[in-house]
Amino acid sequence: MTTTTNPSSIPTEWTRDLSTRAERYAAGKALRSKAPRSSHAEWAPDPQRPDPISMLEESNKTRLQHLVPIRFGRMSLSAFAFYRGTADIMAADLAKTPVSGIQAQLCGDAHLSNFGVFASPERRQVFDVNDFDETLAGPWEWDVKRLAASVVIAGRQNGYTAQESRQAVLRCVQSYRENMQRFALMNHLDVWYYHIEVEAILAMARGMAGAKRVQKRMEQASAKASKRTRIETFPKLAEAVNGQYHIKDEPPLIFHYDPLDTSKNNLDTGEWRAMVRGFLDSLPEERRIIAMRYRGVDLAQKVVGVGSVGTRCAIMLCLGGAEGDDPLIMQLKEASASVLEPYVGASPYQNHGERVVVGQHMMQAASDIFLSWSTFNGIDYYARQLRDMKFSAEVETMVPVGFTLYVELCATTLARAHARTSDPAQISGYLGSKDTFDQAIADFSEAYADQAERDHAALLAAIKEGRVQAQTGV
Numbered sequence: 002m003t004t005t006t007n008p009s010s011i012p013t014e015w016t017r018d019l020s021t022r023a024e025r026y027a028a029g030k031a032l033r034s035k036a037p038r039s040s041h042a043e044w045a046p047d048p049q050r051p052d053p054i055s056m057l058e059e060s061n062k063t064r065l066q067h068l069v070p071i072r073f074g075r076m077s078l079s080a081f082a083f084y085r086g087t088a089d090i091m092a093a094d095l096a097k098t099p100v101s102g103i104q105a106q107l108c109g110d111a112h113l114s115n116f117g118v119f120a121s122p123e124r125r126q127v128f129d130v131n132d133f134d135e136t137l138a139g140p141w142e143w144d145v146k147r148l149a150a151s152v153v154i155a156g157r158q159n160g161y162t163a164q165e166s167r168q169a170v171l172r173c174v175q176s177y178r179e180n181m182q183r184f185a186l187m188n189h190l191d192v193w194y195y196h197i198e199v200e201a202i203l204a205m206a207r208g209m210a211g212a213k214r215v216q217k218r219m220e221q222a223s224a225k226a227s228k229r230t231r232i233e234t235f236p237k238l239a240e241a242v243n244g245q246y247h248i249k250d251e252p253p254l255i256f257h258y259d260p261l262d263t264s265k266n267n268l269d270t271g272e273w274r275a276m277v278r279g280f281l282d283s284l285p286e287e288r289r290i291i292a293m294r295y296r297g298v299d300l301a302q303k304v305v306g307v308g309s310v311g312t313r314c315a316i317m318l319c320l321g322g323a324e325g326d327d328p329l330i331m332q333l334k335e336a337s338a339s340v341l342e343p344y345v346g347a348s349p350y351q352n353h354g355e356r357v358v359v360g361q362h363m364m365q366a367a368s369d370i371f372l373s374w375s376t377f378n379g380i381d382y383y384a385r386q387l388r389d390m391k392f393s394a395e396v397e398t399m400v401p402v403g404f405t406l407y408v409e410l411c412a413t414t415l416a417r418a419h420a421r422t423s424d425p426a427q428i429s430g431y432l433g434s435k436d437t438f439d440q441a442i443a444d445f446s447e448a449y450a451d452q453a454e455r456d457h458a459a460l461l462a463a464i465k466e467g468r469v470q471a472q473t474g475v
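Each residue of the sequence shown is one higher than the one before, starting from 2 at the first, in my numbering.
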């Protein structure tokens, strides 16, 4: 039987007029008249800029209050740690900076520690962006500035000279620009399939002069990450009591919920199994089949990260059989409105867990097969496997040569992520082949690093004055 497709039913995206790569490049170049590349160097705090401590206190209102001191304690450790926890403050600042008008799906919090290694569904170690709590469509420049400023802040913390830090941030932005040019010349599907495997990174390090120490550390990190599987993690997080497996309590970072707490903060009411049903329903059917072979047997709160401390985050222990030799450990994490939302508009998704999952699939070359979303007691969540060959670099301990290689990898990855959801030819046309944009972002990053250090000092003063409470050492 032959069927005829009604042309009017075909999405306009599939029937739109096609422009040449050169035309799209020219369109991007023309946007320089609206926002000159040199204008991105600008940073000065708005006279009406809110007190950063007040903004942090406002964001704490929806968090678990007994964990807020841990959040402040972790943020107090350094300007870089503070920066990691203040995506909301920088989003407000970035909203007042120049933009070209080109949109992309944003990470929303693209600092150096939100990139890392994890396992692809094919069980290969890949390097990619790994945090999407704030993902939303917006100006691509915001992610670049968030990344670049973190390079300067981390470089200063590591004791690099001003010249070493500037060189690192210039290499970072240059890598973004040159790789965007490369992606602009590639076919759309080739960009979509592009990914960075750890083996390729190791091969690159082996060919670098004076990088033997870097190579050795990378090989050690890769080997360590490859062992961080569900089988290896299981005995560390769980134990059998009277024949029943439970998650071990390690307060204040891992603990079971209070059975007397009937508030929406409590996931341990027995009703969390309904939330699990939601996670399963959000999975593609072929993945739901394997997920349904596991049974959730225990749930506990787990404190994670810096900026996420105080949000509702749990780990769920699942077993594929009574023997206990087929564990699956899932991380369930609260998803609230993106910090970008006040400045770019509301998410098109009613469930913020779905927003995170869809944004992650858009930007990542490979994602967890159990990445899913659900709702419980009016709070949105997303789920993924815990520690599936995951590894994040300790940027605070890197030597300059390794640091520079790392920031270039992050920038390449970010360019690829943006190229998947935007027009790389248009962005490349705006950026051009000269280092005008690179120098401007380096200037911005140094100025914003100064701002972050002032804001960090304000937090230390607030702790000293007793305005906020901080718990360190955890």
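The hints are simulated quantities; they were obtained by calculation from the structure and are not laboratory data. It is possible that some hints are incorrect.
Now the in silico label distances, taken between C-beta atoms and shown as ranges [said to hold, decoys possible]: (1) 286 <-> 255: 32 to 38 angstroms; (2) 204 <-> 322: 24 to 30 angstroms; (3) 237 <-> 124: 16 to 22 angstroms; (4) 324 <-> 347: 17 to 23 angstroms; (5) 50 <-> 321: 29 to 35 angstroms; (6) 20 <-> 194: 45 to 51 angstroms; (7) 163 <-> 287: 35 to 41 angstroms.
Heads up, simulated DSS-like pairs for lysine-lysine below, C-alpha to C-alpha not over 25 angstroms straight-line [stated by the list, open to error]: (8) 237 <-> 225; (9) 213 <-> 237; (10) 62 <-> 228; (11) 303 <-> 228; (12) 62 <-> 391; (13) 225 <-> 97.
Ideal placement from N, C-alpha and C gives every residue a C-beta, glycine not left out.
Hints versus structure:
1. Between residue 286 and residue 255 the C-beta distance comes to about 33 angstroms, which sits within the given range of 32 to 38 angstroms.
2. In this structure the supplied range 24 to 30 angstroms is violated for residue 204 paired with residue 322, their Cβ-Cβ distance being about 40 angstroms.
3. Between residue 237 and residue 124 the Cβ separation comes to about 21 angstroms, which falls inside the hinted range of 16 to 22 angstroms.
4. Our hint of 17 to 23 angstroms for residue 324 and residue 347 is violated, since their Cβ atoms are close to 47 angstroms apart.
5. About 52 angstroms separates the C-beta atoms of residue 50 and residue 321, a value inconsistent with the hinted range of 29 to 35 angstroms.
6. Hint check: residue 20 to residue 194, Cβ distance near 23 angstroms, so the stated range 45 to 51 angstroms is violated.
7. Roughly 53 angstroms separates the CB atoms of residue 163 and residue 287, a value that falls outside the hinted 35 to 41 angstroms.
8. A C-alpha spacing of about 15 angstroms is found between residue 237 and residue 225, which places the hinted pair at or below 25 angstroms, so the restraint holds.
9. Between residue 213 and residue 237, the direct Cα distance comes to roughly 33 angstroms. Violation of the 25 angstroms bound is thereby established for this hinted pair.
10. Note on residue 62 and residue 228: the hinted pairing is violated, with a Cα-Cα distance of about 38 angstroms set against a maximum of 25 angstroms.
11. Distance hint between residue 303 and residue 228 is fulfilled; the C-alpha atoms sit about 21 angstroms from each other, no more than 25 angstroms.
12. Distance restraint check for residue 62 and residue 391: the Cα-Cα separation of roughly 31 angstroms exceeds the 25 angstroms cut-off, and the hinted pair is therefore not satisfied.
13. Only pairs whose Cα atoms come within 25 angstroms are accepted, and residue 225 paired with residue 97 is rejected, the gap being roughly 42 angstroms.
Checked against the numbered hints given earlier, the structure breaks hints 2, 4, 5, 6, 7, 9, 10, 12, 13 and satisfies all the rest.
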